[in-house]
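Protein chains in written order, with the numbering used here: chain A, 1 to 280; chain B, 281 to 579.
These are calculated hints, taken from the structure and not from any lab test.
A couple of the hints might just be wrong.
Each computed SDA-like pair below joins lysine to any residue, with the alpha-carbon atoms no more than 20 Å apart [to be verified]:
1) K54/A to N433/B
2) K54/A to K292/B
3) K141/A to K224/A
4) K139/A to K224/A
5) K292/B to K141/A
6) K573/B to A116/A
In case you want the letters, here they are:
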Amino acid sequence: MTDSRTRKRAVSHIQRKLIPSYIFLTIMAFLSVFPLFWMFTAATNTTVEVARGKIWFGSHLVENYKALIATDNLWQAMGNSFFYAFVQTIGSLLICSLAGYGFELYHDKGKDRLFAILLLAMMVPQVATLIPLFTMISKLKLLNTVWAFIIPGLSTTFLIMMFRQNSRNFPIDTMEAARIDGLSEIGIFFRMYFPMMKSTYAAAAVITFMGAWNSYMWPRTVMKGNAVKTMPMLVANMSNGYGVDYGMLMLGVLFASLPTIIIFFVLQKQFAEGITGAVK
Amino acid sequence: MNKKKGFGLLAKQRASGWAFLTPAALLLFLTSFYPMVQAFITSLKTGSSARLKWSEPLFNNYTRMLKDTVFKTSMGNTFLYLIIQVPIMLILAILLAQLLNNKDLKFRGLFRTLIFLPCATSLVSYALIFKTLFAREGLINAMLLSLGIIKENVNWLGTPGTAKAVIIIAMLWRWTGYNMVFYLAGLQNIEYSVYEAANIDGANGWKTFWNVTVPLLRPVIVMTAIMSINGTLQLFDESVNLTAGGPSNTTITMSHYIYNNSLGSGVANFGYASAMSFVVFILVAVLALINMKVGDTRD
Chain A
1 MTDSRTRKRA VSHIQRKLIP SYIFLTIMAF LSVFPLFWMF TAATNTTVEV
51 ARGKIWFGSH LVENYKALIA TDNLWQAMGN SFFYAFVQTI GSLLICSLAG
101 YGFELYHDKG KDRLFAILLL AMMVPQVATL IPLFTMISKL KLLNTVWAFI
151 IPGLSTTFLI MMFRQNSRNF PIDTMEAARI DGLSEIGIFF RMYFPMMKST
201 YAAAAVITFM GAWNSYMWPR TVMKGNAVKT MPMLVANMSN GYGVDYGMLM
251 LGVLFASLPT IIIFFVLQKQ FAEGITGAVK
Chain B
281 MNKKKGFGLL AKQRASGWAF LTPAALLLFL TSFYPMVQAF ITSLKTGSSA
331 RLKWSEPLFN NYTRMLKDTV FKTSMGNTFL YLIIQVPIML ILAILLAQLL
381 NNKDLKFRGL FRTLIFLPCA TSLVSYALIF KTLFAREGLI NAMLLSLGII
431 KENVNWLGTP GTAKAVIIIA MLWRWTGYNM VFYLAGLQNI EYSVYEAANI
481 DGANGWKTFW NVTVPLLRPV IVMTAIMSIN GTLQLFDESV NLTAGGPSNT
531 TITMSHYIYN NSLGSGVANF GYASAMSFVV FILVAVLALI NMKVGDTRD
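Chain A on its own, in the form it takes in the complex (with noise of 0.2 Å):
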């Protein structure tokens, strides 16, 4: 009896001292949902009520969706956001783990060194990649196509690091066995290290495709005219000239936002691993 009374006694000073942490916390949590319910809600309302400052929810969903397919071929982006980043995400994985799995459990010196010499490539501005990409993909006859969205981030240094670093679990001698088994080393990669790094391919694949569903600058580069126009594209145009119908504009946002907010909340624990993946 006693002893418990002491131990509650000591978690609620605990608790007590905590006040402050859970204060701060709050305010935190609340500054960073806020934006994003106001988000949801601002899209439910007329323009006039979101510069007024309307925070709830209110009943103007339907006319700002009608006005939004009105004026913009919103499921024709959202289409092509999907596919373009579906293709991304295949194509680097595919890419970047081969090369993450032949750095690591191939290595020597000579793969070493080039490797050390790859991880320069994370200081190149992508801006100054810009100018000579789209010359190459303009060359190649490829702008408006899949290939123009996907080609600069089909081989990436973070990619292939994080499958460098996470191929260490991977285990060498099962490599020997197989072998023995008669089975080739490409065979190897696709029966079994595929299999084996499932939780790695898992967080590579969430931030892949949320950074390609978001990306912006390169798209708006090389992706032209309606037809191939991608989500974030088609609501940074919404908000260009003046009179902007604030309602419909955070309609697009919410669509623009919402897979990857669903992903977000299904997946966090990979999308956490994904972004501190290549740094363990």
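Position chain B relative to chain A; hints supplied.
Showing chain B alone in chain A's frame:
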């Protein structure tokens, strides 16, 4: 005989290793290194994109920057965002991670998720959300008016000083949780007993924070600092979508100005844009090196 066979197998393995990494390595050369060399060559040229010829003098594009007031403004802005936003964000992120790493704290998962949530929104989306929030006719003005803090609507994005502040606030919102996740991962590697020892020694919360947490997190701090500096030096989406670089180029970033000079609407000045982008490259490289050196010194 046997030996030779074994060697052949090994060579075969080594070759397949090379085969696996070749596609990625080639692509990286093609999409990063080759463009960087191209950018440098182009930076020595002048003329419209179709008829580029060597500049005279050769480094003309570089000397031109020194006289370009918009370029200097863009550089000043980029560094302003860097110097104010990055330290606040990193300190806030470490603090949050430290608070969330307390085993006695309830709702840790919930707090973590909510503070991490802004990372799920794209740069364009959050820029537009903040643009609407801080619009002349927008929620922030409406709230401040009803609280009596301001007398009339403030033109947040139309005034250089407040427009820069909004960009910084927006970036803090978007990236603090992102960095917090790195620190949380780093803190998990620190033994809890280290903190208990600090407690026994009578160190209070702040002392523990500065004397235990920060030194132990140093590698992670260096890495997040490099990433944030790199990201801020390349700031583009926010400048384009929040303020469009305005009013009259007072909030424009370097990447945004380079884009305007090459692939934006208007003149396609590939030579000059390439020269400016090469300057960004050097800044990123130099700052990353400084950062690694600073992070390497041991007390």
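Ascending list of hint numbers which this structure does not respect: 2, 5
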